[in-house]
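Asker: Listed here are the chains, written in short residue letters.
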Amino acid sequence: MDALSNLAFTTSGALIDLVDKKVLVHLRDGRKLIGVLRSYDQYANLVTTQTLERLYHPPTNSYAQTERGVFLIRGENVVLLGEVDLDLEDPPLQRMTLQPWNQIAALLDAERTDKAKAKKLGEKVLFERSGFGEEGGEGDAY
Amino acid sequence: MKLYRRNEQRRANWQELKPALEATRRGLPPPARSSRLSLFAMAVEPFDLIKVSLSERVFVKLRGDRELRGILHAYDGHMNMVLSEVEETIYVVDVDEQTGESVVRTVKRNCDMLFVRGDGVVLVAPPAR
Amino acid sequence: MLIFSVFKTLTDQEVTVELKNDLSIVGTLKSVDQFLNIKLDNIRVLDEDKHPHMIAVRNCFIRGSVVRYVQLPKAAVDTQLLEDATRRESSNAQKAAR
Chain A
1 MDALSNLAFT TSGALIDLVD KKVLVHLRDG RKLIGVLRSY DQYANLVTTQ
51 TLERLYHPPT NSYAQTERGV FLIRGENVVL LGEVDLDLED PPLQRMTLQP
101 WNQIAALLDA ERTDKAKAKK LGEKVLFERS GFGEEGGEGD AY
Chain B
1 MKLYRRNEQR RANWQELKPA LEATRRGLPP PARSSRLSLF AMAVEPFDLI
51 KVSLSERVFV KLRGDRELRG ILHAYDGHMN MVLSEVEETI YVVDVDEQTG
101 ESVVRTVKRN CDMLFVRGDG VVLVAPPAR
Chain C
1 MLIFSVFKTL TDQEVTVELK NDLSIVGTLK SVDQFLNIKL DNIRVLDEDK
51 HPHMIAVRNC FIRGSVVRYV QLPKAAVDTQ LLEDATRRES SNAQKAAR
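Residue numbers (the UniProt record's numbering), protein chains in the order written: chain A, 1 to 142; chain B, 1 to 129; chain C, 1 to 98.
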């Protein structure tokens, strides 16, 4: 069988269509990066240029963004790589208000702290009563 | 050579052990003929237990406070699995605002056919009887 | 390789991918690779209000390692075939280990 006929079933085959396109990269820590995909490899390590980082805060219907430049993103941190449809990109942003970066960052930070606290408590309870492990505990470091 | 012979024996014992494994899986005492063979003394591999559970209902405990019950149709060496007629149970902890007491609540979901990624699996068991 | 083959037979079917960060994405399975990375077309995110960044995304590549579940169309899965293939592969794997 020639290599090309099975291209749909390789990592390269999946990513090659996205090269030089505007993409959204969703990272494991929740960051959303928007940039132009320039290069990739079999681990889904990615190179993006003209990268923007965007923060979204749906409860207040606002967002913030900042320019980041060129990124090499290590594949294991990638959750999802989406092609941005240029026709669909602006309308949702126009329905939101652009706020200063620090303001949205502080809002999200506070929410994250609360969530982490609740999660930690929940995991402690489930560890004691149902035998579920605690995420991010000592065990996850190995 | 020695290793080879031990493995030959292992294969021979597998046939003999099958009724015992099957009984264990169903939670019954082992059949008399093979009762002298302890499952633990035997060189049964962990995946053999999953193998005899194919097309049977299994219980799967997952990371992230989740449990699944479903019929096992496929698995691989990563413990990736395909299950059907799945019931998922998610454990959620709520904190009572007034008393500050934490209450465990379960959320159930059903799914006809589900692929489960193996890296989230904590354990696989025949379902509780 | 077994599960990879299963996904290959499911191309062009509609699936729901649930990620470990609880994001659920419905879409048409376009491709899959040996790491079970998945490419979906015509995607729709459940609970789009919470994920406004996904509105402009119509097709995406999902890294296999972040997947928790994939909900499959029951009609497209031959369970008997799967079980036979699993038995075959597990004996092959055990033989190879000896």
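There may be inaccurate statements among the hints.
[Claimed, not checked] In the DSSO-like style, the derived pairs of lysine-lysine whose C-alpha atoms are separated by at most 27 Å in a straight line are:
| hint | chain 1 | residue 1 | chain 2 | residue 2 |
| --- | --- | --- | --- | --- |
| 1 | B | Lys61 | B | Lys51 |
| 2 | A | Lys115 | C | Lys74 |
| 3 | C | Lys20 | C | Lys8 |
| 4 | C | Lys95 | B | Lys51 |
| 5 | C | Lys74 | C | Lys95 |
| 6 | B | Lys51 | C | Lys8 |
| 7 | C | Lys95 | B | Lys108 |
| 8 | C | Lys74 | C | Lys20 |
| 9 | C | Lys20 | C | Lys95 |
| 10 | C | Lys95 | B | Lys18 |
| 11 | A | Lys120 | C | Lys95 |
| 12 | C | Lys20 | A | Lys22 |
[As the list claims (entries may be wrong)] Ranges between beta-carbon positions, derived for each pair:
| hint | chain 1 | residue 1 | chain 2 | residue 2 | range |
| --- | --- | --- | --- | --- | --- |
| 13 | A | Asp20 | C | Asn42 | 15 to 25 Å |
| 14 | A | Thr113 | B | Leu28 | 50 to 60 Å |
| 15 | B | Thr99 | A | Asp20 | 20 to 30 Å |
| 16 | A | Leu108 | B | Arg109 | 43 to 53 Å |
| 17 | C | Phe35 | B | Arg69 | 43 to 53 Å |
| 18 | A | Leu72 | B | Glu101 | 43 to 53 Å |
| 19 | B | Gly100 | C | Arg98 | 27 to 37 Å |
| 20 | B | Thr99 | C | Met1 | 50 to 60 Å |
| 21 | B | Val107 | A | Asp85 | 30 to 40 Å |
| 22 | C | Pro73 | A | Gly131 | 26 to 36 Å |
| 23 | A | Arg38 | B | Gly100 | 21 to 31 Å |
| 24 | A | Tyr142 | B | Glu97 | 35 to 45 Å |
Read the hints as simulated data drawn from the structure, not as lab findings. These numbers come from a predicted model, not from an experiment. Even for Gly, the Cβ is constructed at its ideal location relative to N, Cα and C.
Asker: All hints, please: hold or fail.
Answerer: Here is what the structure says about each hint:
1. B:Lys61 with B:Lys51: Holds, because 17 Å separates the two Cα atoms, which is no more than 27 Å.
2. A:Lys115 with C:Lys74: violated, 36 Å
3. C:Lys20 with C:Lys8: Measuring from Cα to Cα gives roughly 22 Å; hence the hint holds.
4. C:Lys95 with B:Lys51: holds, 15 Å
5. C:Lys74 with C:Lys95: violated, 32 Å
6. B:Lys51 with C:Lys8: This hinted pair holds, its Cα atoms lying about 23 Å apart.
7. C:Lys95 with B:Lys108: Violated, at roughly 40 Å.
8. C:Lys74 with C:Lys20: Answer holds: Lys74 of chain C to Lys20 of chain C is near 23 Å, not above 27 Å.
9. C:Lys20 with C:Lys95: Judged against 27 Å, a Cα distance of about 34 Å means the pair is violated.
10. C:Lys95 with B:Lys18: With Cα atoms ~18 Å apart, Lys95 of chain C and Lys18 of chain B stay inside 27 Å; holds.
11. A:Lys120 with C:Lys95: violated, 44 Å
12. C:Lys20 with A:Lys22: With a Cα-Cα distance of about 25 Å, the restraint between Lys20 of chain C and Lys22 of chain A holds, given a limit of 27 Å.
13. A:Asp20 with C:Asn42: 15 to 25 Å: Given range 15 to 25 Å: holds, Cβ gap about 22 Å.
14. A:Thr113 with B:Leu28: 50 to 60 Å: Hint holds: Cβ distance 52 Å, inside 50 to 60 Å.
15. B:Thr99 with A:Asp20: 20 to 30 Å: violated, 58 Å
16. A:Leu108 with B:Arg109: 43 to 53 Å: violated, 29 Å
17. C:Phe35 with B:Arg69: 43 to 53 Å: violated, 28 Å
18. A:Leu72 with B:Glu101: 43 to 53 Å: Holds - the Cβ-Cβ distance for Leu72 of chain A and Glu101 of chain B, about 48 Å, lies within 43 to 53 Å.
19. B:Gly100 with C:Arg98: 27 to 37 Å: violated, 58 Å
20. B:Thr99 with C:Met1: 50 to 60 Å: holds, 53 Å
21. B:Val107 with A:Asp85: 30 to 40 Å: holds, 34 Å
22. C:Pro73 with A:Gly131: 26 to 36 Å: holds, 34 Å
23. A:Arg38 with B:Gly100: 21 to 31 Å: The hinted range 21 to 31 Å is violated for Arg38 of chain A and Gly100 of chain B, with Cβ atoms some 52 Å apart.
24. A:Tyr142 with B:Glu97: 35 to 45 Å: holds, 37 Å
Hints 2, 5, 7, 9, 11, 15, 16, 17, 19 and 23, counting from the list given before, are not met by this structure.
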